[in-house]
Amino acid sequence: MPELENNVSNRTFEELFKPNIQFEIPFFQRGYAWEKKHWDQLFNDINEQIIPEIESFEKIDDAEHFFGPIVVLEKRNSDLSLRKFLVIDGQQRITTIYLILAIIRNKLEEKTHQSQKASEYCNILKHFIENEVDVKNNDDYHKLKVFSSKGDRLPTYLLIFKSNNPQSPFLTVDQQLYVPDKNNIDQFKKYLEKKLSKDFDDVPSL
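Residue numbers (this note's numbering): 1276 to 1481.
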C-alpha cells in the first residue's frame, strides 16, 4: 500500500519530469479526456498570459506561471532505479504538458538536418520525455514518464518512440483498449501538429 506524504510545494516542469521518474494515472481514474475546448483554453492562456509574462523578464528562468495542483502518491515498493507515483489529481494537466513536450520534440526532429539548434533542443526535451532505464520484465513502458492504463498507455508510447508496439506483458490488454484515431491522445496529436506546422516553417530562427 503506498504511503501518503503530506508535502505541499511548488515544482517546475523541469523538476517534475526529472530523470527516471514515472507518473501513473490509476485505472480507477478516467483516461485522457481533454478535448478541443480545453486545448483552446490552454493555448489562449499561453498566448495571453504566459508569453507576456516571459517577455517581461530579462531572464526566462525568472518567469513563473501556476498551472494548477498535481497530487501524487509515491509507490514505496517501486524499483529503486525508477521512482513511481500514482497521480491522484491533475492527471489531465500533467498528461497534456507531457504530450506537448513529446509532440514539439517530434516536430523538431524533422528539422534537425537543417538546424543545429533544433538538434540541441531535441536532446534537451528527450530528458524530459524518456526514462533512460534498463527495461525489466520485458516491459518497455518503464521508459514512459507519464501514462494511463485506461487505453492511453499504448498511444502514448507510440507517440513518443515512433516505433512498433512495445514489449510488455500489458500489450494485449492495451491493444484491446486502444482505438486508433478515436483516442483523445491521437486527437490532441493532430490538433497540436496542425497548430505547430506554421510555427516550424522558419527553422533558421530556432
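These aren't lab readings, by the way, just hints derived from the structure by calculation.
Do not take every clue at face value.
To be verified - In silico PhoX-like cross-links for lysine-lysine, where the CA-CA straight-line distance does not exceed 25 Å:
(1) K1382 <-> K1359
(2) K1464 <-> K1401
(3) K1293 <-> K1311
(4) K1386 <-> K1457
(5) K1312 <-> K1293
(6) K1418 <-> K1311
Claimed, not checked - Derived Cβ-Cβ restraints for the label pairs, each shown as a range:
(7) S1394 <-> V1448: 29 to 39 Å
(8) H1388 <-> V1448: 22 to 32 Å
(9) I1399 <-> G1343: 21 to 31 Å
(10) G1343 <-> N1295: 17 to 27 Å
Every residue, glycine too, gets a C-beta built ideally from N, C-alpha and C.
How the hints compare with the structure:
For a cut-off of 25 Å, the pair hint linking K1382 to K1359 is broken: about 28 Å separates their Cα positions. A threshold of 25 Å between alpha carbons decides the hint, and for K1464 with K1401 the separation of about 17 Å falls inside it, so the pair holds. Of the pairs offered as hints, the one joining K1293 and K1311 is violated, with about 29 Å between alpha carbons and a cut-off of 25 Å exceeded. This hinted pair does not check out: K1386 and K1457 have alpha carbons roughly 28 Å apart, beyond 25 Å.
Between the alpha carbons of K1312 and K1293 the distance comes to roughly 30 Å, so the proposed pair goes past 25 Å and is violated. Straight-line distance between C-alpha atoms of K1418 and K1311 comes to about 28 Å, which puts the hinted pair past the 25 Å bound. Evaluation of the 29 to 39 Å hint for S1394 and V1448 yields a pass: the beta carbon distance comes to about 37 Å. For the pair H1388 and V1448, the beta carbons lie near 39 Å from each other, so the given range of 22 to 32 Å is not met.
Look at I1399 against G1343: about 24 Å separates their beta carbons, and that is inside 21 to 31 Å. For the pair G1343 and N1295, the beta carbons lie near 25 Å from each other, so the given range of 17 to 27 Å is met.
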